[in-house]
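Protein sequence lines, in the order shown, are assigned to chains D and W. Under our numbering, the first residue of the first sequence carries the number 4, and numbering increases by one thereafter. Under our numbering, the first residue of the second sequence carries the number 845, and numbering increases by one thereafter.
Rather than coming from a laboratory, the hints here were simulated on the basis of the structure. Any given hint could turn out to be false.
[To be verified] Simulated coverage check for chain W against chain D, where a stretch passes if three residues somewhere in it have a Cβ under 8 angstroms from a Cβ of chain D:
| no. | region |
| --- | --- |
| 1 | 857-865 |
| 2 | 952-964 |
[As the list claims (entries may be wrong)] Derived DEER-like restraints, expressed as beta-carbon distance ranges:
| no. | chain 1 | residue 1 | chain 2 | residue 2 | range |
| --- | --- | --- | --- | --- | --- |
| 3 | D | 310 | W | 1002 | 21 to 27 angstroms |
| 4 | W | 909 | D | 328 | 24 to 30 angstroms |
| 5 | D | 108 | W | 1119 | 57 to 63 angstroms |
[To be verified] Just a sample of chain W residues kept apart from chain D, beta carbon distances all over 10 angstroms, derived:
| no. | residue |
| --- | --- |
| 6 | 905 |
| 7 | 924 |
| 8 | 1068 |
| 9 | 1081 |
| 10 | 1105 |
| 11 | 1111 |
| 12 | 1138 |
Nothing here was measured: the structure is a model prediction, and the numbers come from that model. A virtual CB, placed ideally from N, CA and C, is assigned to each residue, including glycine.
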Amino acid sequence: MNKRNLAVSLLLVSLLLVTIVGFTAYAARDRVGIVLSIGGLGDKSFNDFTFAGVRWAAEAMDVPLDYVEPAAIGDFEMLLRDFALTGQYKVIFAVGFLQADALAIVAPEFPEQKFIILDAVVDEPNVASLIFRENEGSFLVGIVAGMMTATNRVGFVGGMDVPIIRRFQAGFQAGVWWVNPDAIVDVTYVGSFGDPAGGKEHALAHYGAGVDIIFAPAGKTNLGVFDAAVATGNFAIGVDVDQAHIAPYHIIASMIKGIDTAAYWKTRAAIEGKFEPGIHIFGLAEGVAGICFLVPDVERVSRVYLPERVRAMVIGARQMIIDGLIIIPDEDDI
Amino acid sequence: MIDIWNIVDIALFAAMLRMATPLVLAAIGGVFTERAGVINIGLEGMMMLGAFWGVATSHWTGSPWLGMIVGMIVGGLAALVHAFLSIKYNANQIVSALGINILALGLTPYLSAMIWGSRGASAAVTGLPRWEIPLIRDIPVLSEFLGPHSPTVFLMVIIVIAAHLILFKTRWGLHIRATGEFTKAAATAGVNIQRTRYICVVISGVLAGLAGVHLALGHLAMFSWGMTGGRGFIALAVMIFGNWRPYRAIAAGLLFGFVDALQIRLQGIGVPVQFPQMLPYLITIAVLAGVMGRARPPSDIGKPYD
């Protein structure tokens, strides 16, 4: 046997090995895949925290995690299908309502593949839909804004005018008016989740009109709102996760949506073989959503609280919502 | 009941200036390159690169002024690539500029992740200071309109005037216009076509870079992925509505900025927010179609020359 034949046989054997390994993996379904939303990692909010939740679950169960950051809405369908085609994934996690249409097409093509979608409902037997009652957490920060405003005028700067953001708006307004029926709530929409410059102009217009606290569920656009709060010496409220560290002293509270916790629970359940299709709704009662009203105090490297009466009101309202004593309006009510 | 004076106030005009600045700067860049006969739809990408490198430089050195200079240089370098491909190799000018846009979109999150560990947004950096004009500072209404603003706003006004003087009052400006209007005649008259085009394309990149610096260091003090938000393309529209003339471009840019600032304030009046959001585009088209008449591009635009 000459050297060349040896090389060829080695190549063939290795190819065979790769194929065998490949097929073993095919049969195993021992990975977790996640298709992130537009904007990808680094938004310090939605994508980052969903990813964190899924990663915690994957690490806790010692399962490899693959992720992809799509550049455009048109990529979702192809990427979801690419993940599903490998047959290696125990569960594929689709982040964000923008993926709903793509998943509705891909999910029926792979009845054996389990999917989880966050922030949208896809009615298929192999899809678990995680949705959130954002209006509950928004109601709580609305209480904070309504009690803390010195000008009796608060603002809401939304990213895009879509049902989910309107759900934030409905809860926020209701919370403000629950404690302060005379307060004015100014509402504007920037028209983008990735335009901090536009967000800053909106916030400056609000603050210029006498608003002193703004709640801005607007993705990265809210970084511009925080910038305006610092520049004008006013206040803002963070969204989805605790954002107080971005503008210390100026972010007086954050509405916690609970995406990371919900993503962790449901991913972990799927890895453990306890996947449940259907709609899963998360709010205060489920223990994932809430409010963070700690304000970081950089100089003393500690965190300070809002006034006791505000916290007491928020905690009381939280319990009343859990007990079903307050019905919070949603996007259909405004 | 809407109180119109609550909507139309001095802050509205200050906002108009801030929002018009990046559009006008990039549009003036567009005027230069297209007057010389080279199309540059890469303004958006050059703006994004300028914004990114401005913030990165300010992050490393602590000096926003250095950031401004680096942002302009990087914008100019990106334009040089476009100039090289489209002038030296007669590449399709749309394709080569589009390549710059795609490069900026891909490169900035990659570098951002390397520098700040986040693809989406940078850390907060030192931004440009706010300037006031000494004498005007004491005049009540005017002082609110004209300051305090980022230096980039004042620079924009100076650049518009300078661009007008260069294009219409100097010999070199005549050469530029002749190059875009009737390249062969200009060449016969002894104009160095290649050099004129190179310089004008680079000027457009420098101004687009400055527009990005205005957004990232003048208006905000951070970079975030895709923060230019299509302003480079709106600048092209501003340039066209301005009929490839600096003074008209600033008028078009200010009109767009004014209506854009106005629509924020109109969102409270109880109509669906999509209607105010449309206004900047609708009114700019309507007014400029009526006032400016037909836009006429330079005749030899987009044609390679060797």
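Hints and how they fare:
no., hint, in the structure
1, 857-865, "holds (count 3)"
2, 952-964, "holds (count 6)"
3, D:310 to W:1002: 21 to 27 angstroms, "violated, 50 angstroms"
4, W:909 to D:328: 24 to 30 angstroms, "violated, 58 angstroms"
5, D:108 to W:1119: 57 to 63 angstroms, "violated, 33 angstroms"
6, 905, "holds, 21 angstroms"
7, 924, "holds, 26 angstroms"
8, 1068, "violated, 5 angstroms"
9, 1081, "holds, 17 angstroms"
10, 1105, "violated, 7 angstroms"
11, 1111, "violated, 4 angstroms"
12, 1138, "holds, 30 angstroms"
The structure fails to meet hints 3, 4, 5, 8, 10, 11 from the earlier list, while all remaining hints are met.
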